[in-house]
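Colleague: These are the residues of each chain, in order.
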Amino acid sequence: MDGVKIIEIKKSVFESNDREADALRRELKQKGVFLLNLMSSPGSGKTSTLIRTINLIKNKLHTAVMEADIDSDVDAVKIKAETGVESIQLHTGGMCHLDAEMTRQGLDGLNLKDLDLVILENVGNLVCPAEFDTGSCKNAMILSVPEGDDKPLKYPLMFSVCDLVLINKMDVQPYFDFDLEKCRQNILRRNPKAQMIPISAKTGEGVEVFAQWLTDEVRDWKK
Amino acid sequence: MHELGIVFYIIKEVKAVAEANHVGHVAKVVMHIGEVSTVVPDYLTDCWRWAADKEELLRGCELQVITTEAVTVCKACGKEYATVAHGRTCPFCQSGDTVLLRGNEVEIKEIEAE
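Protein chains in written order, with this note's numbering: chain G, 1 to 223; chain Z, 1001 to 1114.
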């Protein structure tokens, strides 16, 4: 073909994001700031869980929150009003997830040298956020009781990238056919290393266990 | 609906390659998309059309998708099988201890530059 040149690329679409994420993690390690990427489906209780948890740890760990949503700033305003910690809103511009570059832009808006812990509340979605490494030190997700104990089988990638699964809304378990043991087995099938903590952001049950997990992770990251 | 996000990554990558190779216009981008990559080829090409036409470099540029077969290997019996037909359970020995070998790719194979 005249005037047509084939240029071989052979490169994964996720490669440049993965590289950017690794660079961000290295910088966070140097600065001694622990970044947690918190994911879940919409309505599982990410914001209310964060409010409960931050109120337990904020006197020990200097904490800030980055809220990622397609639109609005309701979550950022709520976190700031109910915990007093710094909270910024990131808009994804219609995208269903955050990537490492967007995360970095968010972190640039925070005063990292005064912080121990930054929690990124990702867009509510069990598919896309699992595919894009944000540069976080650990990934956590919330699965709430009304969503069902079979979710790990339906969204295997999400469960396989998470270090910690919080099982929220335990207070309403009597009203749902949710089998905690079956859920545990389904999670472990997809990710044998996953840790699980049953909680209720409403009653506070188990939240201190999550707070302790965060405290331990921040301490280990700063070593 | 993450195809649009993926399209933006493809555009970013193709632009960088085009610039490095002093390419004025790209006529075609060829992708390898694995059967179990969770990318829907039709959605990807629809999003591509919308986004690519906004770029001078990619106006009218075709996105060709080559689907790659997903293959899983069973750690218990060592046999390989087609992932889409059998999922995570080995059809030979019924073990659940299986690992995806390929079929997860979202890869830019090559571009045709004018």
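One should not assume that every hint holds.
[Claimed, not checked] Covered stretches of chain Z, going by a simulated chain G footprint (3 or more residues, C-beta under 8 angstroms): (1) 1053-1067; (2) 1098-1109.
[Unchecked claim] Computed list of chain G residues with no C-beta within reach of chain Z, every gap over 12 angstroms: (3) Val4; (4) Ile6; (5) Asn17; (6) Arg25; (7) Thr47; (8) Asp71; (9) Lys80; (10) Glu82; (11) Thr92; (12) Gly148; (13) Gly206.
[To be verified] Think about it this way: if two alpha-carbon atoms lie no more than 30 angstroms apart in a straight line, the pair counts; the simulated DSS-like pairs of lysine-lysine are: (14) Lys222/G with Lys60/G; (15) Lys1054/Z with Lys10/G; (16) Lys1054/Z with Lys31/G; (17) Lys5/G with Lys1075/Z; (18) Lys5/G with Lys1015/Z; (19) Lys193/G with Lys1075/Z; (20) Lys10/G with Lys1028/Z; (21) Lys10/G with Lys1075/Z; (22) Lys1012/Z with Lys11/G; (23) Lys1109/Z with Lys10/G; (24) Lys1075/Z with Lys11/G; (25) Lys1015/Z with Lys10/G; (26) Lys193/G with Lys223/G; (27) Lys1109/Z with Lys1028/Z; (28) Lys1012/Z with Lys5/G; (29) Lys58/G with Lys31/G; (30) Lys1079/Z with Lys154/G; (31) Lys154/G with Lys1075/Z; (32) Lys11/G with Lys138/G; (33) Lys1012/Z with Lys138/G; (34) Lys1015/Z with Lys11/G; (35) Lys11/G with Lys1079/Z; (36) Lys1079/Z with Lys202/G; (37) Lys222/G with Lys80/G; (38) Lys1109/Z with Lys11/G; (39) Lys29/G with Lys1012/Z; (40) Lys138/G with Lys80/G.
Hint data in this document are derived by calculation from the structure and do not stem from the laboratory.
Using N, Cα and C, we set each Cβ at its ideal position, and we do this for glycine too.
Colleague: Can you give the numbers of the hints that this structure goes against, from lowest to highest?
Modeller: Structure breaks hints 1, 3, 4, 5, 11, 16, 17 and 36.
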